[in-house]
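Numbering-wise (this note's numbering), the sequence shown opens with residue -10 and increments by one.
Warning: the hint list may mix true and false statements.
Each computed DSS-like pair below joins lysine-lysine, with the alpha-carbon atoms no more than 30 Å apart [said to hold, decoys possible]:
| no. | residue 1 | residue 2 |
| --- | --- | --- |
| 1 | LYS120 | LYS148 |
| 2 | LYS136 | LYS163 |
| 3 | LYS148 | LYS53 |
| 4 | LYS159 | LYS148 |
| 5 | LYS120 | LYS88 |
| 6 | LYS99 | LYS148 |
| 7 | LYS136 | LYS40 |
| 8 | LYS40 | LYS148 |
| 9 | LYS98 | LYS88 |
| 10 | LYS159 | LYS136 |
| 11 | LYS53 | LYS136 |
| 12 | LYS136 | LYS148 |
| 13 | LYS159 | LYS88 |
| 14 | LYS99 | LYS136 |
| 15 | LYS136 | LYS88 |
| 16 | LYS148 | LYS98 |
| 17 | LYS88 | LYS53 |
| 18 | LYS120 | LYS53 |
| 19 | LYS98 | LYS174 |
| 20 | LYS174 | LYS99 |
| 21 | LYS40 | LYS120 |
Hint data in this document are derived by calculation from the structure and do not stem from the laboratory. Being a predicted model, the structure only gives us computed values, none of them experimental.
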Amino acid sequence: MIVVIDGPAGSGKSSTARAVAHELNIQYLDSGALYRAVTYLFLESEQSLPKFFESLYSVQLTFKFDNEFQVTLNGERITEAIRDPMVSEHVSRIAAMTKVREYINALMKKTVQNDLYIADGRDLGTAVFPKAECKFFMIADLEIRAKRRHQELNTNGIKVSYSEVIAEIKRRDKIDSTRDNDPLKQADDAILIDSSAFNFDE
């Protein structure tokens, strides 16, 4: 069984999914972290895209949820490295590539076969798990999302200005909602949640 929460950056989907996983003692799948991992791999490899695509299926990308979503690449923990601003700058572009999406989607589908998961992303309810037992789509006002993300980054020791964060969210929103492959959109059978006026506990 899988429950999915889709939505744009900063809408609260990841925090909500993690909290539910903790509360119900079920598995959590952070699809965004997997796309960040592939983006990190591409930036580190310094390969051309054709060469990178050829090598993608030979890497060992593993993950687990144990109080936090931990990502390992070829045996090396990269949980913190994938949150680097350079990765954030490029992840939407890399995530829009068909071969990358095929790789990540196959990995996610294989992973959730034998356990109970809650997952968050942008196209899980429409493209990856269209038959998910329960679907939600979270939104929030742009300014609220930027404030949340700015606070999260500062908490993690990444110093960026609020204006930089809001510009980055606008850029990612445009890329995610207009890409040809599996764009960000609400599934017809998803429950819409506007978290603008909610604090985390609510």
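Hints versus structure:
no.	hint	result
1	LYS120 / LYS148	40 Å, violated
2	LYS136 / LYS163	19 Å, holds
3	LYS148 / LYS53	28 Å, holds
4	LYS159 / LYS148	19 Å, holds
5	LYS120 / LYS88	23 Å, holds
6	LYS99 / LYS148	37 Å, violated
7	LYS136 / LYS40	39 Å, violated
8	LYS40 / LYS148	34 Å, violated
9	LYS98 / LYS88	15 Å, holds
10	LYS159 / LYS136	13 Å, holds
11	LYS53 / LYS136	28 Å, holds
12	LYS136 / LYS148	13 Å, holds
13	LYS159 / LYS88	25 Å, holds
14	LYS99 / LYS136	35 Å, violated
15	LYS136 / LYS88	33 Å, violated
16	LYS148 / LYS98	35 Å, violated
17	LYS88 / LYS53	23 Å, holds
18	LYS120 / LYS53	23 Å, holds
19	LYS98 / LYS174	20 Å, holds
20	LYS174 / LYS99	23 Å, holds
21	LYS40 / LYS120	34 Å, violated
The structure does not agree with the numbered hints 1, 6, 7, 8, 14, 15, 16 and 21 stated previously, though it agrees with the rest.
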